[in-house]
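**Student:** Chains A and B, in that order, are what the protein sequence lines are.
Using full-length UniProt numbering, the letters of the first sequence map in sequence onto residues 1 to 443.
Using full-length UniProt numbering, the letters of the second sequence map in sequence onto residues 1 to 443.
A portion of the hints provided could be inaccurate.
The list cannot tell twin chains apart, which means a pair is met if one copy fits it or any two copies do.
Okay, derived cross-link-like pairs now, DSSO-like style, lysine-lysine, Cα gap no bigger than 27 angstroms in a straight line [claimed, not checked]:
| hint | residue 1 | residue 2 |
| --- | --- | --- |
| 1 | K48 | K220 |
| 2 | K152 | K172 |
| 3 | K344 | K278 |
| 4 | K345 | K355 |
| 5 | K194 | K220 |
| 6 | K345 | K408 |
| 7 | K344 | K355 |
| 8 | K152 | K194 |
| 9 | K278 | K345 |
| 10 | K45 | K355 |
| 11 | K45 | K220 |
| 12 | K408 | K277 |
| 13 | K344 | K45 |
| 14 | K152 | K188 |
| 15 | K53 | K220 |
| 16 | K220 | K344 |
| 17 | K355 | K277 |
| 18 | K277 | K344 |
| 19 | K172 | K194 |
| 20 | K355 | K278 |
| 21 | K172 | K340 |
| 22 | K188 | K53 |
Derived by calculation from the structure, the hints in this document are not laboratory data.
Number of protein chains: 2
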Amino acid sequence: MSVKEEMHIKGDELIDGLTAAELEAQHPADAAETIEGLDMSDQVKFVKQLPIKDAAESIAEMESNDQIALIQNLNRGLAARIVNQMSPDDATDLLEGLDEVLRQALLQRVPAEERAELKTLLTFGPDTAGGVMNTEVVILDQDLHVDEAITKLRQEVEDKEIPYYAYLTDAKDRLVGVVSLRELLLAKRGVRLKDLVKTQNLISVGYNIDKEEVAHHIAKYNLLALPVVDFGNRLLGVVTVDDVIDIIHEEASEDMQTMVGAGADETTDSPVIFSVKKRIPWLIINVANSAIAAYVVHLFDDTIAAMAILAALMHIVSNQAGNTGQQALAVMIRQLAMEKFDRKKAWFAVFREIKIGLINSGLISMLVLLAIIAFTGDFKLAACMGIALVIDMLVGALAGSSIPLILKEIGRDPAQASSIFLTTITDAIGFWSFLGLAGILLL
Amino acid sequence: MSVKEEMHIKGDELIDGLTAAELEAQHPADAAETIEGLDMSDQVKFVKQLPIKDAAESIAEMESNDQIALIQNLNRGLAARIVNQMSPDDATDLLEGLDEVLRQALLQRVPAEERAELKTLLTFGPDTAGGVMNTEVVILDQDLHVDEAITKLRQEVEDKEIPYYAYLTDAKDRLVGVVSLRELLLAKRGVRLKDLVKTQNLISVGYNIDKEEVAHHIAKYNLLALPVVDFGNRLLGVVTVDDVIDIIHEEASEDMQTMVGAGADETTDSPVIFSVKKRIPWLIINVANSAIAAYVVHLFDDTIAAMAILAALMHIVSNQAGNTGQQALAVMIRQLAMEKFDRKKAWFAVFREIKIGLINSGLISMLVLLAIIAFTGDFKLAACMGIALVIDMLVGALAGSSIPLILKEIGRDPAQASSIFLTTITDAIGFWSFLGLAGILLL
Chain A
1 MSVKEEMHIK GDELIDGLTA AELEAQHPAD AAETIEGLDM SDQVKFVKQL
51 PIKDAAESIA EMESNDQIAL IQNLNRGLAA RIVNQMSPDD ATDLLEGLDE
101 VLRQALLQRV PAEERAELKT LLTFGPDTAG GVMNTEVVIL DQDLHVDEAI
151 TKLRQEVEDK EIPYYAYLTD AKDRLVGVVS LRELLLAKRG VRLKDLVKTQ
201 NLISVGYNID KEEVAHHIAK YNLLALPVVD FGNRLLGVVT VDDVIDIIHE
251 EASEDMQTMV GAGADETTDS PVIFSVKKRI PWLIINVANS AIAAYVVHLF
301 DDTIAAMAIL AALMHIVSNQ AGNTGQQALA VMIRQLAMEK FDRKKAWFAV
351 FREIKIGLIN SGLISMLVLL AIIAFTGDFK LAACMGIALV IDMLVGALAG
401 SSIPLILKEI GRDPAQASSI FLTTITDAIG FWSFLGLAGI LLL
Chain B
1 MSVKEEMHIK GDELIDGLTA AELEAQHPAD AAETIEGLDM SDQVKFVKQL
51 PIKDAAESIA EMESNDQIAL IQNLNRGLAA RIVNQMSPDD ATDLLEGLDE
101 VLRQALLQRV PAEERAELKT LLTFGPDTAG GVMNTEVVIL DQDLHVDEAI
151 TKLRQEVEDK EIPYYAYLTD AKDRLVGVVS LRELLLAKRG VRLKDLVKTQ
201 NLISVGYNID KEEVAHHIAK YNLLALPVVD FGNRLLGVVT VDDVIDIIHE
251 EASEDMQTMV GAGADETTDS PVIFSVKKRI PWLIINVANS AIAAYVVHLF
301 DDTIAAMAIL AALMHIVSNQ AGNTGQQALA VMIRQLAMEK FDRKKAWFAV
351 FREIKIGLIN SGLISMLVLL AIIAFTGDFK LAACMGIALV IDMLVGALAG
401 SSIPLILKEI GRDPAQASSI FLTTITDAIG FWSFLGLAGI LLL
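Work out the full structure: start from the sequences and follow the hints.
**Tutor:** Okay, here's the thing in structure tokens:
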């Protein structure tokens, strides 16, 4: 009997050319992609045939939108069993995406103990350490010997996700240390855990710390997991490095997308209407902003009517300053994303951008000045362009580098619509300086 | 004697208010930040006082620019001892940043065996799996029993960075499996390693695979490390999850920064002249591009001279289409960064952006149309704006979503200068469609 035939023994109905047994044999991350590629009716058929554990693992790996759509299409009994089988952090993420009615319906069907845990997890903000932590932690008493600890681990470890660390608590459940499995494996049998631990290595975070800061900690100290504690230093859970990779990815998408007024959580899989709702408010704000710049141009209608070429050239000034500002903006937003905020360092970076802006605007305005003299022979027009370029590119460097910091200082997301605000400033100042100078020097 | 006094016994000269012993007590990541904040002469003083191991660990955590500057300022004997003490992947990264003369001088001072290893690592492309892998791997014979393996591990493990996995090879050094320390810890003593291993779990990559793809693998399968093999499936090293976090961070910075023509590897710590060199070529390309759009405007000089308000309004059209395109661009670049490239899915995403563009351009052009009628009562002018907005916003949606794919298909970085190209297109088409329509309908 071939392997293929053998696999067909169990769950041998072909769905979209695949049996449930074949799907089950895939890594959950691959199975998730396979499921995402199917029609909803086939998705439901598959999930019904998979063992609950495999279904839960695969669904946990699916993209949020697809995951929610699938759960909505399953009967509630099965959906609740799947939620119950997921690790609590994945289950919480899923439940957070569902509407209130369905969430409560599923929670009612989960056994009381797990329900209580999920409800607690749901009270943490989704963007905090508490909201992303995993509660399946190995906790050991610091007075155990290494061999007792290993025996206890062997009993417990089956259920736990990736216990590369075990955490030590004192008699009052307070976190006092951490030992890695590596240290346990290499330690002498009779040693007590408390003697293995160097407390200086213990890094933990409060449950209400922003998840991006959690990511900074794990990245900076090269940790595999970071313990999360309450105000009494009691251990609540851990954030693991694989969750941090997701946080870093999300954070990068958020910054790049909100910078231009797209949704923080949009992907190419988002429903069209979801993206429209996220983007249209910013497009409207952008219209209002470009109306301001248009109004500046309108003030110079007479100048333009007298010399129409100015309308063409003013565009080069504003565009160039906009690009200069965006370069500063991009470097600044990445700086804020990758390191803990340091006010002094951040404002020093603004100063750095102004220096770059000075050099670049000098070089570019010289180039444009020469080009205009070469093409038109008009020294005054060239001077207007040159001066306006220096002014507006410096404004761009200053605005691009300081907008994220200003947004941060007033408690907003440093990236949000920053590119839209920047362009309004560089456009308005560019038009005003160039047309103003032209009005004085040329007419 | 207080802790403070005790620490002063060793290396008690105060440098910038801190003793070498205090610095030594910091986590290497914190010590790196402390060192970066000092004047170069103080940096050199500290490094001379630190034990070589601590100096190497701290310098490995410093930012690339600072690291290189410091090494250039140390005497070559000390610099070579530090390089030799670093883990080979960190040492390779550092050596790659140095000029050829200094690199060779340091390599000459490293013992022959380590020199040979570093030279081999330097032959791998810095953006490949081979270029980022760590060669300190625990390799076990698959015929060992669990207890023999643990004994061998205890002897070896001191030198190795984070050996949460041990790799199994056959008689010909070919990679045949992986066991985690967790599995070793939990397994029965007498079991043979080969019986612990499920080969289906073995995921490895070739040494010439792009490091971003390595990051995708580790992120997708939630791995702590990924083995790197040669064409004969012999184990060369591993890429660990902490390196992957750095890769993901770098990748996000690259995309956001190159999109607008800033340098891929710029940070707020980069020297001003470094940033100028990276940005000025793209600013020049941007001038040339905006000259194209300006030329389009110039074609309509007569139209603008006859009706100067058009110069103000055309700006709203181009700006709005630019913003629409940037929203599509951002979502698309993130898609390409986060998942393995799937041509069918990618072009489907372009189709999705066109649908979003249709809805958004309809809504925005309706809004602008009504506003213009309300302010000016000029139906024809309003119609010109409305139609030009729909045309240009659709062009923006199409260009923003397809530029990264076209760049990818021709083998370029999908983000590089994409925002600059996009703006050229939306500006030129916006000016042309609006001024063209105005010439026909209004004059």
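**Student:** Which hints, by number, does the structure contradict?
**Tutor:** As far as the earlier hints go, 10, 21 are violated by this structure, in ascending order.
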